[in-house]
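K.L.:
Single-letter residue listing:
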Amino acid sequence: MASGSSTLRAPALRGPAALRRPKAFRGVGRSILLTLPIALWALLMFSPAFQRAGRDEHIGAAVVIVFMTALFFLMMRTGETYRWRRIFFVALGFLFPVGFIAALVAERGTMSIPISRMVSGDTPFCFMVTPSIILPAAFAKTIVFPGSILPTASNPHSIAIMIGLWFALTLVLGKAWCSYACFFGGIEEGFAAFAKRPKLHRFVARYSHILRLVPWAILVFVVLVSAAIFEPVYCMWLCPFKAVTEFPAVRNVETAIQMGVFVALFLGLVVVLPYLTKKRTQCGFFCPFGAFQSIFNKINLFEIRFDRTKCVDCTLCQTSCPTVALSKESIAEGKTLLNCMKCGACVDACKKDAAVWHLKGTPVAVKPERARLLFLYGAWAMATMFGGSILANSVATMMHWLPWK
Amino acid sequence: MLGLATGPVCLATCGPVVVPWMMVQPRGLRGHSRQLGLFLAARLAGYMVFAAAVWLVGSSIPRAWVGRTWLMGGIEVLLAAALVFYAVGWPHRRCAAANPAYAQASARHGSMGGLVRIGEPPRSLRSGALALGFLTGINLCPPFLVAGVRAAQLEHLSAALVFFVCFFAGTAVWFLPFLSMGFVQRTPAVVTVARMVAVLLACWYGFSGCSILIERTFYG
Amino acid sequence: MRARILSILAYTGAGFTLLIAACVPFVLMGVFSNVVAHAGLHIDSVYTGGAIARTIQRDGYQIVVQEPVQPRLLERVEPFVQIVFEPADSLPARVSDEVDLNGDGQPDVRVSFSVPVDAGAKLRGDVTALNGGYVSLVNVSDESFSRMVVRTGNKIVVRVPVNRGVVAVAR
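Protein sequences, first through last, are from chains G, Y and V.
Position 78 (the first sequence) corresponds to 77 in numbering that gives the first Met the number 0; numbering is contiguous.
Position 101 (the second sequence) corresponds to 100 in numbering that gives the first Met the number 0; numbering is contiguous.
Position 2 (the third sequence) corresponds to 1 in numbering that gives the first Met the number 0; numbering is contiguous.
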C-alpha cells in the first residue's frame, strides 16, 4: 500500500470535527477577560480611521473591530480555533478583491495593467513575487518587478513597504501567514467549505505525498528561471489570483496565453478542486510562496504536536487537514510536516485531545492551551492589523455602493 | 578575464539545467565532481565546435543573424527533451528485472507513480551529463557571441580554440559552487522535487523554443 | 534542569514574539522598509529605461534621452532606447521631433505623435529611423517593453528598438 493512502470513507464534515467539543470550553467572564487585549489592540489599530473624514470608513472600522473581537471571543469561549479563524479568512479572501477591483476600476477603468503603468512604476507589489526577486536582487541589486522602491502618491504599496511588512509579519507568524495573513487563501477555503463531502477524497489520500511536493518544485523553478530571464515568472505566468486582481493587458498572443493560464488555474485550483476535495488545493499543492513561507516554520516557536500516548490513529486529523500537512509517518513521530499552516483544524478535529498546540522547548501536551493562547494573541493581532485593514477598506468600499446613499 | 566577467551570466543560463540534474544524482562529493566534470567537459566540447565554426566562417557574427534564432529555438527544444529523458527518466523502463535496484527501492519506499520514481537514477549518468553539457555549451547566449566575435578575428584556428579554452576556464570557475549539492541529503522528497523541477524546466524550454521557431516560421 | 531552562527560554521567546507583534505597526515595519529602501536596489531598467544620458530643450518642453537598455542574460526583450517628452501638458497638439540618441550630433530618429486632449486616451505614434542603428515603428502604442509610445502621468514615453545588428551604441 502506498504510504499516505487511506481506506477511510470520507467523513461528512461540516467543519473540521466529526465530533464536537462541549460547546462551552471556558466561562463567559474568563473569555471576555482573555479577549480584552485583542479588543484594545483592534481599537488602537482602527482609532485613526475614526479621526478621518468619511462615514463609510468609520463604519468599516467599527465593523472590523466588532468582527475580529467577536471571533476571538468565540475562540476563547469554545476552545476551537479553526472554525472561527476560517470565518475571518474566508471573509478576507472574498472581500479583498472587492476593494481592490473597485479601486482599480475607479482609478483606471479596468482591471488590466497597461504597459504604461508598469513603465511608470505604479504596479503595487504583491508578496507572492518575493521568491522571484531574491536572486536578481542579491546578485545584481535589481528588482525584477515593475513597481517602485519607495512609496509614491500613485503607488503607496511600494516594494520597500511591502517587503518590510512581509518580513515583520513573517517573524511573528512564520508559515501561519497562510492561515492568518494571506488575502488569497480564503477564496479557496470558502469554496472548500461548500461541499458537505469531498468527491475526490481517495485521489487526494493516495497522491498527497506527491502533491505536497509540487509547491517546492514550482518554487525552485520560479527562483531559477526568474534569475535567468530577469522576469517575475510566477507573476507573469502562474499566478491564479491574477484572475481576480490585476493582470497585464492582453495585447498580443503571449499575453492572451498568459490570461488563459491565469483563468484556468483560478477556476481549477481555487474554485473547482477545493470544492471537489475540500482541501486548499492552490495553497497546498501549488503555491510556491507557501513553500517559501514553510522555511520559516523552522524558526517559528509555535507548532502543532501529537501526544502519542493519547493518539488512537483514527486519522481524523489527517482527513481534516486542509493542506495535507500530516502523514502517517509524521503523526507516528508526533509532528506535522513542514507545510503546516497552524490553522488548528487537526487540533479541533481530534476526539482524544492528542493533537495539541505546542511551544517549542516545552514538554508536549503539558499546558497546550497556554501555547495556543500565546500563539493566538500574536497571530490574531497581526490578522487584525493586516487583514482587518483590508476588510475595513472593502466594507467602506461596499458602503459607497449602497443605493440609498 | 572575459570568462570570469561573464561567468554569472553562464551560471544563470545553465543553472536551471544543472540544479535539477545534480539533485537527481546520488549524494556524494566524488560522484558530483565526476558528473560536473563530465558536464563541463561536454560544455567545453560545445565551445570548441562553436569556436571552430566561427573561425572558419571568418567574419563576426552579427546579432541580427537570422540563423542564430533558428539555432537557439532548436537547441531549447532539444534541451527540453534531454531534461525529460535524462533528469526525469521518461519514457522509463518498466521492467523491474532490468533494473533490480529500482525494484528494491520501490519495495522499500513504495511505488510513487511513473513520474516520481525513487532510488536509482533511471538513465546512464554519463550520457546525461554529456548531453546536457553539450547542449548548454552550444546555446548562443550573448557573452558566448561576444567571445565568438573576438575568436573569429584571430589569425589561426589554434588561437581561436585556445581563446575559447581560456573563456571556458573563466566561466567554469563559477560552476564550482554546484559541487556543494553533493552534501545535500537525498531524501525521496528531494529527488522527487528535482525531477518535478526538471519537468517544469523542460516545459519552459520547450515553450520558449517552440515560440521562437513558430515566430521565425511565420514572421521570418 | 535542562528541561526547565528550555522551558524558560521557550516562554521568553514567546514573549519576545508577542513584543515583536506589538511593535510591527509602530516600529518594525518602518525599520525593515528603510533597510530595503537603503539597500541600493533599483528597478530593472527594462521597466524604468536606462539612466538619463542628456536633455534636449525645446520650446515649452524638454526631451530626455536615456541610455540604451541592453537585454541581460536570457531577458526576452529587444535592446531599446527610451525617450521622454515632458511635461505632456505643455506639448503641442502634434509633435514631430528629430532626436539625436547617441550624442554624435546627428539626428537618429524622428518621433511623431498627436497628443490627445483626453489624458487617458490611448496614444499612438510613429518612429522613423534615420540611420541603420534603430528600428522604425509605425502606428505603435504599447506593443511591447521595447516598442511603445505611451503616456504615463505628465510624460510621453517613447521606446525605440536598437537594431540588433549594432553590437554597441556609442554615446
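Hint data in this document are derived by calculation from the structure and do not stem from the laboratory.
We put the CB at the ideal spot given by N, CA and C, even for glycine.
Accuracy of the hints is not assured; some may be wrong.
Over 10 Å on every C-beta distance to chain V, these chain G residues come out as not near it, computed from the model [stated by the list, open to error]:
| id | residue |
| --- | --- |
| 1 | ALA61 |
| 2 | PHE66 |
| 3 | ILE114 |
| 4 | VAL260 |
| 5 | LYS297 |
| 6 | VAL311 |
| 7 | LYS351 |
Result set (DMTMM-like, lysine to aspartate or glutamate): computed pairs, CA atoms no more than 25 Å apart in a straight line [claimed, not checked]:
| id | chain 1 | residue 1 | chain 2 | residue 2 |
| --- | --- | --- | --- | --- |
| 8 | V | LYS121 | G | GLU253 |
| 9 | G | LYS359 | G | ASP312 |
| 10 | V | LYS154 | G | ASP312 |
| 11 | V | LYS154 | G | GLU245 |
| 12 | G | LYS140 | V | GLU66 |
Footprint (simulated), chain Y over chain G, 3 or more residues, beta carbon under 8 Å [said to hold, decoys possible]:
| id | segment |
| --- | --- |
| 13 | 26-38 |
| 14 | 218-224 |
K.L.:
Give me the numbers of the hints this structure contradicts, sorted from smallest to largest.
P.N.:
Result: hints 3, 10 and 13 break, sorted rising.
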